[in-house]
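Sequences are here, hints too, so could you generate the full structure?
Here are the chains, one letter per residue:
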Amino acid sequence: MSEIILKLKEANLLGRGGANFPVWQKWEAVAKNSDPEKYIICNGAEGEPDVHKDEYIIKNYPNDFIDGIIIAIKEFSAKKAYIYLNHNYYDKYKDSLSDIIGEASIKIIEKGKGYIAGEETAICEFIEKGFVQPRQKPPFISDAGLWGKPTLLNNVETFYHIAKINKGEYKDTRFISIEGDVANSGTFEKLNNLTIDEILKGTGNYPDFDFFVQVGGGAEGLIMLPSELNTPLSGCGALKIFNKEKTDVFVLMEYWANFLNCGNCDKCVPCREGVYRIWEMIKNRDIDKEKLFDLFEVLEKTSFCGLGRGASGPFKSLILKLNFEKYGKEKN
Amino acid sequence: MEKKRIKITIDGKEVSGFEGQRVLEIAIENNIAIPNLCYHSDLKPKASCRLCIVEITGKRGYQTACSTIAEDGMIITTDNEEISKLRKTNLELLFSQHNEKCSDCVKGNDCRLLNLAQKYNVDISRFTDRKIDFPEIEFGPSIHFDPSKCIDCKNCVEVCSHQNVKFLEVREEGSFFQICPSRNGKRDCVYCGQCVVHCPTGAFQGVDAIKIVENAMNDVQKTVIFQIAPAVRTSIGEEFGMGYGAIATEKIAAGIKKLGINNVFDVSAAADIVTMEEAEELIQRISNGGVLPMFTSCCPAWVKYLEFYHPELIPNLTSVRSPQVLFGGLTKTFWAKKQEIDPKNIFVVSIMPCTAKKYEIKREENIIDGLNPVDAVLTTHELACLFKKNGIDLNLIESEDMTPLWGDATGAGVIYGTSGGVTESALRTAIFKITGKNAESIEFTNLRGLNESKEASVIIGDLTLKVAIVNGLSNAEKLIEKIKDNPNCYHYIEVMACPGGCIGGGGQPMPTDSKIRKLRSEGLYKIDKDKQKRLAHESALVEGIYKEYLNDEKNIHKVCHTKYGKRKKENNF
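Protein chains in written order, with my numbering: chain A, 187 to 518; chain B, 385 to 957.
Bear in mind the hints are in silico, worked out from the structure with no lab data behind them. For glycine and all other residues, C-beta sits at the position ideal for the given N, C-alpha and C. You can take every hint at face value.
Below, simulated DSBU-like cross-link-like pairs (lysine-lysine); rule was C-alpha separation at most 35 Å, straight line: (1) B/391 <-> B/443; (2) A/265 <-> B/387; (3) B/550 <-> A/323; (4) B/428 <-> A/477; (5) B/899 <-> A/335; (6) A/195 <-> A/335; (7) A/502 <-> B/503; (8) A/335 <-> B/387; (9) B/606 <-> B/938.
Simulated coverage check for chain B against chain A, where a stretch passes if three residues somewhere in it have a Cβ under 8 Å from a Cβ of chain A: (10) 424–434; (11) 445–456; (12) 507–519; (13) 556–564.
Facing chain A, according to a computed beta carbon distance under 10 Å, are these residues of chain B, among others: (14) 437; (15) 466; (16) 469; (17) 470; (18) 471; (19) 472; (20) 473; (21) 474; (22) 475; (23) 476; (24) 477; (25) 478; (26) 480; (27) 481; (28) 536; (29) 538.
Following this line, the structure appears as structure tokens:
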């Protein structure tokens with residue numbers, strides 16, 4: 187095992203895109219592949235609504251995350267690296283990032299349309315063919331990613347921490363984007379082992395009203411109640427606070443459903459048709475609970491990719507935790 | 385390299401397959417049914433309908449059998465209570481985008497969706513029809529597309545792209561990606577119908593001509609003639625449970641006679657005339673420094689492809705008409721005169737394995753004395769429908785011969801229906817024309833088989849004739865690139881747009897796949913082998929017609945030859 191991979195393992199760095207996968211394992215898989223042609227992708231799609239932590243790093247610490255990419259290029263003698271940015275970030279930071287990149291073999295690419303365009307195999311498909319569609323896994327991209335070659339994909343924040351780990355400056359922190367009904371929204375760097383409670387309190391954001399939180403992103407993040415927050419934050423560092431009294435849960439669910447219905451790729455039946463039917467029921471404020479939970483089930487268990495499998499999460503957690511019958515239709 | 389054998393267990397039964405095969409392939413080969421819709425063995429696994437989910441011991445969740453590569457020792461469960469429920473819900477979602485229009489559906493009684501609905505107790509109207517207002521469209525006179533039946537598997541887009549036509553594409557409309565005809569002015573449908581035979585739900589079908597034919601049959605003024613294409617005889621039996629590739633020539637004749645039609649002609653007999661003319665044209669081009677290589681023109685999808693995508697190569701096309709058009713012309717001139725029938729009152733119906741043939745008969749270049757040589761084309765599948773509608777079961781009917789002479793083809797004419805057959809027929813006759821005697825062996829086995837691309841050099845006297853044979857338009861495209869680099873690499877090129885040639889045509893019964901195509905092709909070669917006459921120039925019909933009618937250049941030109949031109953896009957939406 188190489189020095190950097192050993193360091194990543196010792197630091198126990200988990201991917202900050204949301205999947206929590208041990209970073210060293212991804213690196214090791216790419217390292218072990220004997221194909222000499224390898225690629226790197228830095229994912230800056232940040233496709234979940236109301237999450238800005240990667241942007242915070244791109245804006246404030248561009249040298250660090252690019253340093254992380256360069257470490258990976260050197261480690262794998264990679265042919266090329268791509269920084270994959272959503273439309274907004276691409277417009278805002280393309281020029282300043284290009285200046286930093288200089289002669290390094292890193293290309294900045296503007297993300298394809300739709301939420302699905304941030305999924306790793308869909309990114310490969312888009313870079314290769316300009317068409318957004320996820321691929322069958324396996325093969326995993328560490329074996330066959332871009333042009334069928336071993337490809338390492340990490341998110342912007344992950345590359346930032348990789349650079350810090352390499353320099354011995356990693357302090358076991360994470361970046362957290364806090365949005366919604368809070369006094370002090372923004373992105374904060376906090377210790378990894380803090381509970382959500384502690385994070386909210388430490389940033390001056392713990393509400394003095396009844397609330398719920400969406401954890402992990404403004405579309406597929408799960409709903410948690412105040413009583414559940416004595417737990418460390420994992421995955422994508424994103425918290426969105428909702429004032430329970432003032433939030434119309436149908437408006438909120440319609441927003442998620444519309445976002446997912448427009449942002450999915452329409453490849454597989456449960457996601458294409460199932461998400462559409464969820465959106466339809468919510469939009470019409472006419473929910474058939476049996477149908478809805480049948481749809482959740484096919485999404486979770488039969489979807490082609492992670493987006494579909496995770497699409498039921500926010501709805502289901504909201505409905506089950508907020509005692510939907512009482513909280514629901516008659517109120518709206 | 386020999387593939388390694390593996391063993392897997394499906395529902396408690398041990399079966400074997402090869403390393404690299406997918407679970408569903410092995411299941412199908414072993415007659416184990418796993419529900420599926422978007423899978424087609426010609427295409428890449430899409431894994432989009434999610435019906436073929438199975439449980440694999442040791443793996444988390446469910447895997448799709450169509451996309452999972454089988455590993456030695458795998459233990460697979462294809463159904464349980466949860467899988468059944470998941471399939472039921474996904475089927476209900478599939479029905480929510482599939483507007484049931486069963487009464488006139490190409491799938492008829494063999495609808496995979498409906499069969500699965502019954503198996504899984506599906507409430508087909510649990511969700512409203514999302515696509516109910518989607519308008520139906522037609523591509524030329526050939527293809528009918530009803531997007532309200534489409535389940536978005538995108539098989540059609542893949543085959544269209546594989547044909548290098550790229551007319552069908554995926555476009556974002558509102559919150560959905562939909563299958564649409566291209567708005568790109570440089571892409572147009574060539575009517576090959578591969579979308580039809582690869583569509584699992586009947587969203588694509590040939591434009592129905594049964595009504596037009598029935599009207600003609602009911603018109604006492606009309607003398608109706610049915611002429612049967614070569615490839616139909618070894619495929620139509622499939623619609624009546626006769627088995628893949630079963631030979632049904634005389635059964636078809638009997639069925640048509642039972643419909644009340646006495647004149648049943650064999651397009652293969654016309655193919656013999658095409659062979660005579662094409663062999664002659666090739667010899668002329670070679671000896672007079674004409675444009676080479678010469679391309680065959682009996683496939684109308686290929687002709688449209690060339691006219692639209694490569695008009696610069698139009699001079700390479702043989703001027704000889706396709707067999708159905710040539711025969712229709714002869715019927716309305718020579719035959720009509722002999723029978724003393726006004727050609728205006730003759731209604732020629734071609735039975736074709738093809739949807740592009742519906743387009744070919746509308747080509748104005750083919751009009752003779754103000755009349756289209758052929759009035760209507762029924763696909764193989766449509767003829768089967770017409771038989772069923774009239775209570776005719778080919779499996780039970782007593783065989784009958786086609787009309788003497790006009791129904792007598794040589795073996796050379798019959799093998800036109802499979803890729804390589806046109807070339808083999810032409811070679812048999814060209815050798816005779818050049819050397820004055822028949823080849824010692826008339827079977828050109830190196831030109832046979834369903835490989836996408838074949839080539840051979842044939843020594844005829846002083847001439848080494850170089851021929852190439854392709855099926856599938858992307859293979860034709862590769863050959864075109866080769867010719868552009870080296871114009872002298874071939875003398876003669878046979879192109880069929882569909883995989884395997886006409887036996888894999890867009891008007892053939894479904895399912896169609898490589899194994900079925902192979903059996904249909906073998907059926908045609910068997911007919912050839914069993915024929916007494918296997919050379920076009922030995923056909924009694926050919927002999928008689930050249931003596932009595934095609935003995936003057938004017939008639940030959942009028943009935944046997946045509947011209948081509950650059951095509952504008954015909955399908956604008």
